[in-house]
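Using the hints, position chains P and V against chain U.
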Amino acid sequence: MINYLIAIFTFVLIYAMLALGLNLQWGFTGLVNLGHVGFFAIGAYTSALLAKAGVPFALSLAVAILLAGFAGTLLAMTTLRLKEDFLAIVTLGFSEILRLFLLNESWLTGGANGIIDIPRPIRRLIGQHYYEIFYLLMLAAVLLLVFLFLERLRLSPYGRMLRAIREDEIVAATAGKNVFRSKVQVFTLGASLAGLAGVFYAHYLSYIAPEMFVPLVSINVWVALIAGGSGNNKGAILGAFVLMGFLESTRFVKDFIPMLSGFRLAAVREILVGLSLILIMIYKQEGVLPEEKILS
Amino acid sequence: MKNNGNGVTRRESLKIIGGAAGLMTMGLPINLGAQEPIRLGTLCPLTGAGGPYGPQMQQAIAAVVKELNDAGGIWGHPVQLFNEDSQTNPEAAVRAVHKLIDVNKVIAVMGTWASAVTMAVAPICFNNRVVEFSVSGADAISDLKDDDYIWRTQPNTFLQGEFHAKFALQKGWKRIAYMAVQTPYAKSFGDTYKKVAEAGGAKILEYLIYEADKPSYRSELTKVLATKPEHIMLMGYTPDSIAIFKELYKMGYKGGIQGPSFAINQKLVDGVGAEVAEGAYSLDPASDLQSPAFKNLTRLLGAQDVNSYAAQTYDHINLVTLSLAEGKVNTGTGIRDNLRKVANPPGTEVSGFMEGYKLIKEGKKINYQGASGACDFDDKGDILSRPFSFSQVKGGKLVVIGGIKG
Amino acid sequence: MAEYYFQYIVNGIISGGILALPAIAFSLLYGILRFANFAIGTYLTAGAFIAYAANVTLGLPIYAAFLVTMVVSGFLGVGVDQLAFRPMRKRRPLTLAIVSIAVSFILENMARFIWGNEHKSYNIPVLRGMEWGGIRIGKEQILILFIALAFMILIQALLRFTRMGKAMRAVADNAMLASVKGIDSEQVILRTSYIGAALAGTAGMMVGIDTTIDPLMGFKFVLSIFASAILGGIGSATTAVGGAFFVGLAEEVSMIWLPATYKSAIGFGMIVLVLLFRPQGLFGRNR
Chain U
1 MINYLIAIFT FVLIYAMLAL GLNLQWGFTG LVNLGHVGFF AIGAYTSALL
51 AKAGVPFALS LAVAILLAGF AGTLLAMTTL RLKEDFLAIV TLGFSEILRL
101 FLLNESWLTG GANGIIDIPR PIRRLIGQHY YEIFYLLMLA AVLLLVFLFL
151 ERLRLSPYGR MLRAIREDEI VAATAGKNVF RSKVQVFTLG ASLAGLAGVF
201 YAHYLSYIAP EMFVPLVSIN VWVALIAGGS GNNKGAILGA FVLMGFLEST
251 RFVKDFIPML SGFRLAAVRE ILVGLSLILI MIYKQEGVLP EEKILS
Chain P
1001 MKNNGNGVTR RESLKIIGGA AGLMTMGLPI NLGAQEPIRL GTLCPLTGAG
1051 GPYGPQMQQA IAAVVKELND AGGIWGHPVQ LFNEDSQTNP EAAVRAVHKL
1101 IDVNKVIAVM GTWASAVTMA VAPICFNNRV VEFSVSGADA ISDLKDDDYI
1151 WRTQPNTFLQ GEFHAKFALQ KGWKRIAYMA VQTPYAKSFG DTYKKVAEAG
1201 GAKILEYLIY EADKPSYRSE LTKVLATKPE HIMLMGYTPD SIAIFKELYK
1251 MGYKGGIQGP SFAINQKLVD GVGAEVAEGA YSLDPASDLQ SPAFKNLTRL
1301 LGAQDVNSYA AQTYDHINLV TLSLAEGKVN TGTGIRDNLR KVANPPGTEV
1351 SGFMEGYKLI KEGKKINYQG ASGACDFDDK GDILSRPFSF SQVKGGKLVV
1401 IGGIKG
Chain V
2001 MAEYYFQYIV NGIISGGILA LPAIAFSLLY GILRFANFAI GTYLTAGAFI
2051 AYAANVTLGL PIYAAFLVTM VVSGFLGVGV DQLAFRPMRK RRPLTLAIVS
2101 IAVSFILENM ARFIWGNEHK SYNIPVLRGM EWGGIRIGKE QILILFIALA
2151 FMILIQALLR FTRMGKAMRA VADNAMLASV KGIDSEQVIL RTSYIGAALA
2201 GTAGMMVGID TTIDPLMGFK FVLSIFASAI LGGIGSATTA VGGAFFVGLA
2251 EEVSMIWLPA TYKSAIGFGM IVLVLLFRPQ GLFGRNR
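Chains as they are written, first to last, in the working numbering: chain U, 1 to 296; chain P, 1001 to 1406; chain V, 2001 to 2287.
I should point out that these hints are in silico values taken from the structure, not numbers from a laboratory.
Derived lysine-lysine pairs resembling DSBU-like cross-links, with alpha carbons at most 30 angstroms apart:
| id | chain 1 | residue 1 | chain 2 | residue 2 |
| --- | --- | --- | --- | --- |
| 1 | V | LYS2139 | P | LYS1254 |
| 2 | V | LYS2139 | P | LYS1394 |
| 3 | P | LYS1187 | P | LYS1380 |
| 4 | V | LYS2120 | P | LYS1295 |
| 5 | P | LYS1187 | P | LYS1214 |
| 6 | P | LYS1171 | P | LYS1228 |
| 7 | P | LYS1380 | U | LYS52 |
| 8 | P | LYS1254 | P | LYS1174 |
| 9 | V | LYS2139 | P | LYS1228 |
| 10 | P | LYS1394 | V | LYS2120 |
| 11 | P | LYS1358 | P | LYS1066 |
| 12 | V | LYS2120 | P | LYS1214 |
| 13 | V | LYS2139 | P | LYS1267 |
| 14 | P | LYS1267 | V | LYS2120 |
| 15 | V | LYS2090 | V | LYS2166 |
| 16 | P | LYS1203 | P | LYS1174 |
| 17 | U | LYS234 | V | LYS2090 |
| 18 | P | LYS1066 | P | LYS1295 |
| 19 | P | LYS1397 | V | LYS2120 |
Label pairs and their in silico Cβ distance ranges:
| id | chain 1 | residue 1 | chain 2 | residue 2 | range |
| --- | --- | --- | --- | --- | --- |
| 20 | U | ILE6 | P | ASP1337 | 22 to 32 angstroms |
| 21 | V | LEU2083 | U | LYS234 | 28 to 38 angstroms |
| 22 | V | LEU2273 | U | LEU108 | 21 to 31 angstroms |
Backbone N, C-alpha and C define an ideal beta-carbon position, used for all residues, glycine too.
Only chain U is shown next, with the shape it has when bound in the complex:
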């Protein structure tokens, strides 16, 4: 049981990292990113390919984060000026085109086969028996650092400026703040965090394939943000736990409901997730998606 929980918690923390990144983008730039999985994929693939080529973990991690961040910069610069639901579609397009690239350009990425035997950092030192818990603790430590950093950021002058931009862009702009540049910066940071999550994902599973980086993952991260409520960093982490609860919910239940066959049970689970999402959206007036001030 313990090992199962360790595995689940590892996934939760990875999703928490993703949610923190998305929350940064959403919370401070109001940018609706439905393509978050794209940055996740860039982080995962970059680190995996470099590590398999013999690059030490610290370096492959750094490059992966930079590359993911860079992709974020590009995406932000091209799309920040779009209307919000169109923006969503464009970001979705970005992640899907990336996935097709990963799938088709097998000379680089291994294509549909994916990448196997991704080395786990300092595996030989730790040995097999304690490795899972070591990895979880390492991930938890990194997540904690990220969380503390984001909280410091939020309370810093920079953070106050970002909040001013979110509250009222026009006022902030007239006060001389470069709104656009700040938004791009924050978006880049959020993308880098997703890349960081991707690195941990790839090295944990030792195997990645394009089919693991589908839009559903982006949507799941959104579900985490929405379910965690309040749109702040703590909410993002809480949301990751709630999301995993959703995803694992039927696993133990079904041993007691043998009458529902596998696919039916999965269908019921998905329906319940969808219903929960709708109910949260209907009844949570405040929180994650506060209603915009309508200016025009």
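Chains P and V only, in chain U's frame:
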């Protein structure tokens, strides 16, 4: 621990009650006086892309387990089956396999379908000394450093490509087009097929890999038909194959089509109609339709149309239980160490657990011949060969027209 | 040689015809409700399954199933609107878009629960296609084009000549002004939801005739539907058709040069380009 006077300690009684409770939730009869149950796991694709195949794959395993439990289990131990849905999603499958191994403590995981799923759960299985049986086709699986814990009953693509090509040459086709859905083996299969076919004098006029799950393939087919092939090698899954068959018919294509049995099967024939499917060739590297094992499986499943993956999972469970019986063990390592003894020749050929178990109890050496083929394994855990049966669609039904014993 | 290229154009027109109805539906819904309704794909799926239930389960002949689909699909749209979107009328487009994603999950899985994952077909024979001067086209596909054309004309007539149509256009143009003039926007919404889902459902049945029926079928179209509506100029039902044919042609004709494995990139690529450089769409006017 209090000994309550009749020789059964509290711990043992709890185990018995727990085992009985476990059995009760499975709906199986309680074997009073049973010892530690044998825990086995299935990780079939009940949803997702493999959804059409998964339920029957799991059913085949459950049917064998029920039969053997009704007869008293393995050396008196009942088999407890734990089922999880891989969702044809590697991440979900990883979480599922952790539950199977860490919570349910299974010693074998059977029925992984998608190559990505098989490869994602493999490290967890072999690190925990649990055997994994898959029906996946990707070549990379043979190369996993798995200490012999990972096995599969699906022949790798080199074998498949070679046989499909030889079939085409045998039929005398010279102008062939290759179409495949984007999978880990689309290219390796196609390259082998092309190499063998062209060495035999045929020409591959078009080599097209297409995206899965598209609503139409009109233009892909336009490209293929422009080369005027007399025959098409279609390496797809059932859904896209159905769309392609229909479209080819509408486009007036009158040439031959050849494909694997997991795509060209009765469901496809029913889906496109007898006339559209007429004449198509289905090559079956993964079901030995004439074998006693296949007939036994058909009996257990109630004679529904048996898909080729269910034939393989039937073999998975038989191999696992026979290995356990042979070695009198209850561990994954034990299964691994005894597998070739029951699967490879020499030995009396058997086609199911009940038959094999009887002989094992008499001390005889058996050679399991499965529903998906001879089930003889090489040192990588791949099957050595398999029989091929060639079927053709005639009058709305698949009719076996020939075969090669592998 | 020319007919080789012309075949791709014909393929594109067929694809465009299939996309036209859901594109109109999407644009209509967007115009009135002002958000991207991701559930449009599942209305398509639902229509295909309703037709399946009528034709295969109940044994009705295919044209009767067609009528049943048209009528019943519309009610699905109304139901979804009243249950999921109505409580959110005043909310921002993003919220509604997310809710529509949740709705599409629910509908897709309801279909899966009832009918399972396997691909199904109607009880109709597949017909040999026709060939004119080297160009191949299927008989069902011609039928689909006719039906699409008929509906396009009907919708145009509805919008232009009926009172309801005028009301719909008024609300799409300026909801506040429309209510000042006494138009009941809730009525308009109900009717638009009905029509939108009915159109998408009908398209679903046609797709089912052309290929197969399964819970994921609509999802495969969502991208192309969005692209069609956006290219056509979102919110305008008339130009959505232009967008649909453009997308259909682009997807099929690009197969001449592009590897088939990048087909999806076309739809996305076009969306990105249009939104970045000409957000009002190729045919839309500046809003």
